[in-house]
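Input sequences plus hints: build the corresponding full structure.
Just so you know, the protein sequences line up as chains R and F, in that order. Letter by letter, the first sequence follows residues 1 to 404 in the numbering used here. Letter by letter, the second sequence follows residues 1 to 360 in the numbering used here.
Hints are computed from structural coordinates only; laboratory data are not their basis. All residues carry an ideal CB built from backbone N, CA and C; glycine is no exception. One should not assume that every hint holds.
What the hints assert, rightly or not - Far from chain F, some chain R residues (derived; all Cβ distances over 10 Å): (1) Gly21; (2) Gly32; (3) His55; (4) Leu78; (5) Phe135; (6) Gly152; (7) Gly162; (8) Arg219; (9) Val340; (10) Val361; (11) Ala366; (12) Gln382.
What the hints assert, rightly or not - Once the Cα atoms are required to be at most 27 Å apart in a straight line, the calculated BS3-like pairs of lysine-lysine come out as: (13) R/Lys144 / F/Lys172; (14) R/Lys16 / R/Lys296; (15) F/Lys356 / F/Lys172; (16) R/Lys16 / R/Lys159; (17) R/Lys159 / F/Lys102; (18) R/Lys25 / R/Lys144.
Said to hold, decoys possible - Among chain F residues calculated to face chain R with C-beta under 8 Å, some are: (19) Phe11; (20) Gln14; (21) Arg18; (22) Arg43; (23) Ile47; (24) Gly49; (25) Pro69; (26) Ala70; (27) Arg71; (28) Ile103; (29) Ala104; (30) Arg106; (31) Val107; (32) Ile117; (33) Glu150.
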Amino acid sequence: MDHPTVSDVPVGPDVKVQYRGDAAKLFPLALGVGVLGLVTFGIYRFWGKARIRRHVWGKMRVGDDALEFTGTGLEMFLGFLMAVVALAIYLAIVQLILFSVGIRFIFDPQSEMEVIAQGVSVALSFVAVLPLLIFAAYRARRYKLARTRFRGIRFGMEKAAGGYVIRALGYLGLTVVSLGLLWPLMTFRLEAYMTDRTWYGGARFRQGGTWTGLYRAYRHVIVGMALVAAAVVLGLMDQGGLAALSGIVGAIWGGIGLILYRVRGFGYLMSHKALEGGLGFRAEPRAGTVVWTYIKGALIVGLLGGVASGVIFSPLGAMMAGVEDAGDLMRVEYAVLGVVMYLLVLTVFGALSLVFISQPVLAHFADSVTVTGIGALDAVRQRVADDGADAEGLADALDMGGAF
Amino acid sequence: MLPAPENAVWFDGQSARRQAVLVEVSPDGRALRFGGQVWPVDRLRQIEGAGLVLALLVADGDDELPHDPARLVLDEGPMAGWVRGNAAHLARRDVQRGTGVKIAVRVGLAAVALAAILFVLLPRISDRLADQLPLDQEVAFGQAVIGQIEGFLGGDRPLTCDAPEGLVALEKMERRLTEGQGLRYDIELRVFDHEMLNAFAAPGGQVVIIRGLLDAADTAEEVAGVLAHEIGHVEARDPTRLAFRSAGSAGILALVLGDVTGGTVIGLLGDHILSASYTRDAEAKADAFAFGLLQRTGIGTEGLAAFFERISGMGADVPEILATHPASGNRAEAARGAGGAAERPVLTDSEWRALKRICR
Chain R
1 MDHPTVSDVP
11 VGPDVKVQYR
21 GDAAKLFPLA
31 LGVGVLGLVT
41 FGIYRFWGKA
51 RIRRHVWGKM
61 RVGDDALEFT
71 GTGLEMFLGF
81 LMAVVALAIY
91 LAIVQLILFS
101 VGIRFIFDPQ
111 SEMEVIAQGV
121 SVALSFVAVL
131 PLLIFAAYRA
141 RRYKLARTRF
151 RGIRFGMEKA
161 AGGYVIRALG
171 YLGLTVVSLG
181 LLWPLMTFRL
191 EAYMTDRTWY
201 GGARFRQGGT
211 WTGLYRAYRH
221 VIVGMALVAA
231 AVVLGLMDQG
241 GLAALSGIVG
251 AIWGGIGLIL
261 YRVRGFGYLM
271 SHKALEGGLG
281 FRAEPRAGTV
291 VWTYIKGALI
301 VGLLGGVASG
311 VIFSPLGAMM
321 AGVEDAGDLM
331 RVEYAVLGVV
341 MYLLVLTVFG
351 ALSLVFISQP
361 VLAHFADSVT
371 VTGIGALDAV
381 RQRVADDGAD
391 AEGLADALDM
401 GGAF
Chain F
1 MLPAPENAVW
11 FDGQSARRQA
21 VLVEVSPDGR
31 ALRFGGQVWP
41 VDRLRQIEGA
51 GLVLALLVAD
61 GDDELPHDPA
71 RLVLDEGPMA
81 GWVRGNAAHL
91 ARRDVQRGTG
101 VKIAVRVGLA
111 AVALAAILFV
121 LLPRISDRLA
131 DQLPLDQEVA
141 FGQAVIGQIE
151 GFLGGDRPLT
161 CDAPEGLVAL
171 EKMERRLTEG
181 QGLRYDIELR
191 VFDHEMLNAF
201 AAPGGQVVII
211 RGLLDAADTA
221 EEVAGVLAHE
231 IGHVEARDPT
241 RLAFRSAGSA
251 GILALVLGDV
261 TGGTVIGLLG
271 DHILSASYTR
281 DAEAKADAFA
291 FGLLQRTGIG
301 TEGLAAFFER
311 ISGMGADVPE
321 ILATHPASGN
331 RAEAARGAGG
341 AAERPVLTDS
351 EWRALKRICR
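Given below as structure tokens:
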């Protein structure tokens, strides 16, 4: 070949990813937008989300440079409006059809067949929404990437949510049929589908590795499942005590295994991603740290949230003491006050868990990543703006925004 | 006093290359100059991040935001301080021109679309589906709904009252109202033991009187009048339609609540039937049906009129079902105007007493 080829040899030093979160800054922000969301009956939540993301993105640094979130509350709000209309039509019609089909079984199943049909129709009403949930998950990630910049250059993900839904449903089916044994296949293929369609400027990401590589991370889940399976077999052989023991141990083992899978799976997948031009990643998150962060966070949230609830509810309690004699109207007013305070307590807990659980967990995952070959970035060019990244309205309508 | 030139990092928005530049303020203090660029101070906009991250506001462009993709990153120091003090639009909101109109249009469209779905599309579809439901399924469905309401009102306790003499009286009243009327449905009548003042019709011809209504009524003709009204609902298939409508709107509600299992539908159904929020039109038709039925059967509308007057005198304590009906005063007049007193009583005095004691 006579034209110059891009070298895939890493250029430049290894660079750490760092998340420099500050609880003292994030908490007032989270609480403030939470309260604003409350007084605006939830309308403000889109602007609140944009503000929190701008803050959090700005704290995420690769080497010396921070990420930037350019999404706005307004576009998320508009996206939500469109999604609600589309969903309302879809769900109302699906619901009605299922209702008119299921009406003969749901209330009064006559035979075994009808009991099964009843189960199927209930399951169907969930399955009817499942494609939407998957679709929304892809679109949400696409939107976040389209609104994320690093060094002034945008990320982007291709418009391919439809293909994602089909694949996700297929792999989900395989996972269910294989009793969970093929879960890593689903995880890997779906992540690869998205990564291979992700761009940073004009440079494309690639997911390396193999799906079998994830089994190292998955093995404790398999052990747990094997123990539960053993419990079933023992149960059939009338070994009640042993079966119970094996079942309990298996459930706990599998549960911990799932956490390990999430953490180590992230490490494996991240470590095998690469950006065109020789930029790569190394990720070594530690499951112990993640679990400990959760426990520590839950304790702090419980403690501070408990104190806050006390402060919020005690004046109400004092007022309630005099309510016995109050008229009906007064009682209604107190009931409304009670609901408002309950929502306020929920808001406080939400802000606390964002600051003391979600943020530290995010920080640990981020800090575990090292970028190799950062010099490759010098060759990356800007990409044109993505239109039709629909501001994750669907994800919002289906309530699956995730922590950030 | 202008700050001294300072080292900074510039990203040109076209490449991801990190470019070290020396930033200086132009002598007239109106622009930042670096690496061949001149950025007017009054067009600077701050981006959230470490240090002072600046971008240039631009009027228009194909970018998703009206600011330039290039970024200048200043460390916190004299230069950053000077920019903060002198750039007027640092905190400028990043809104495209024409945004207000866009919002208004979208909000309007969403509201119109939702209203159209809720009030036009859903009723049409659900009415059509309801009309296609075979009779035996409708009856089975109605029994399930009644079971639902029984559980809702009484918990585990069975509510159907079964004092034998009361049942005989109830049967007599039912025959008087339905025999020879050519009704589509076999009306199935029962009394629930609960203090609520209410009566309702469930899909498939089942009509339930709740004891509170018997307690409040003075004559058998009042009860018969209310029954005639409920039979009107049954004949018009109102309960079935209502069930289908609430199934559809529950779908939308489930969307908002994030409940996709259909639990909302079943839960709401009993509540809806009980509070029987039929349309005004359906109520008026059920009234008209009742007036006709009461005249044909010689029961007369006087009892129904008396009952309407009684509940309109009860003020705020009237149960929802009757309160949501058209203003009771007018209905009493309408009932009285529709036809006179009873030709022969529905029940004898002793039968009426037995009916009132059906739950003992």
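Query raised in the report: Can we keep the F/Val107 interface hint, with Cβ of chain R closer than 8 Å?
Result: Holds, because the Cβ-Cβ distance from F/Val107 to chain R comes to roughly 6 Å (cut-off 8 Å).
Query raised in the report: Is it true that the CA of R/Lys16 sits at most 27 Å from the CA of R/Lys159?
Result: With a Cα-Cα distance of about 31 Å, the restraint between R/Lys16 and R/Lys159 is violated, given a limit of 27 Å.
Query - Beyond 10 Å from each Cβ of chain F, as asserted for R/Ala366 - result: At roughly 15 Å from the nearest Cβ of chain F, R/Ala366 sits farther out than 10 Å, so the non-interface label holds.
Query raised in the report: Hey, does the F/Ile47 contact hint survive, CB to chain R under 8 Å?
Result: 6 Å, holds
**Report entry** Hint consistency between R/Lys25 and R/Lys144 [alpha-carbon to alpha-carbon, up to 27 Å]
**Finding:** 23 Å, holds
Query raised in the report: Hey, R/Lys16 versus R/Lys296, does the alpha-carbon distance stay inside 27 Å?
Result: Measuring from Cα to Cα gives roughly 25 Å; hence the hint holds.
Requested in this report: Decide if the proposed pair is consistent with the structure: F/Lys356 and F/Lys172, CA atoms, cutoff 27 Å inclusive.
Outcome: Distance of about 14 Å is within 27 Å: holds.
Query raised in the report: Does R/Arg219 sit more than 10 Å from chain F, CB to CB?
Result: Given that every Cβ of chain F is farther than 10 Å from that of R/Arg219, nearest at about 33 Å, it holds.
Report task. Using 8 Å as the Cβ threshold, decide whether F/Arg18 counts as touching chain R. Result -> Given a least distance of 7 Å, the restraint on F/Arg18 holds.
**Report entry** Pair hint R/Lys159 and F/Lys102, alpha-carbon separation not exceeding 27 Å
**Finding:** Measuring from Cα to Cα gives roughly 24 Å; hence the hint holds.
**Report entry** Distance rule for R/Leu78, whose beta carbon must clear each one in chain F by more than 10 Å
**Finding:** The claim is violated: R/Leu78 sits with its nearest Cβ about 5 Å from chain F, within 10 Å.
**Report entry** Interface hint for F/Ile117, Cβ within 8 Å of any Cβ on chain R
**Finding:** Nearest chain R Cβ about 5 Å off; hint holds.
Hint compliance for this structure: hints 3, 4, 6, 12, 13, 16, 22, 29, 33 are broken, all remaining hints hold.
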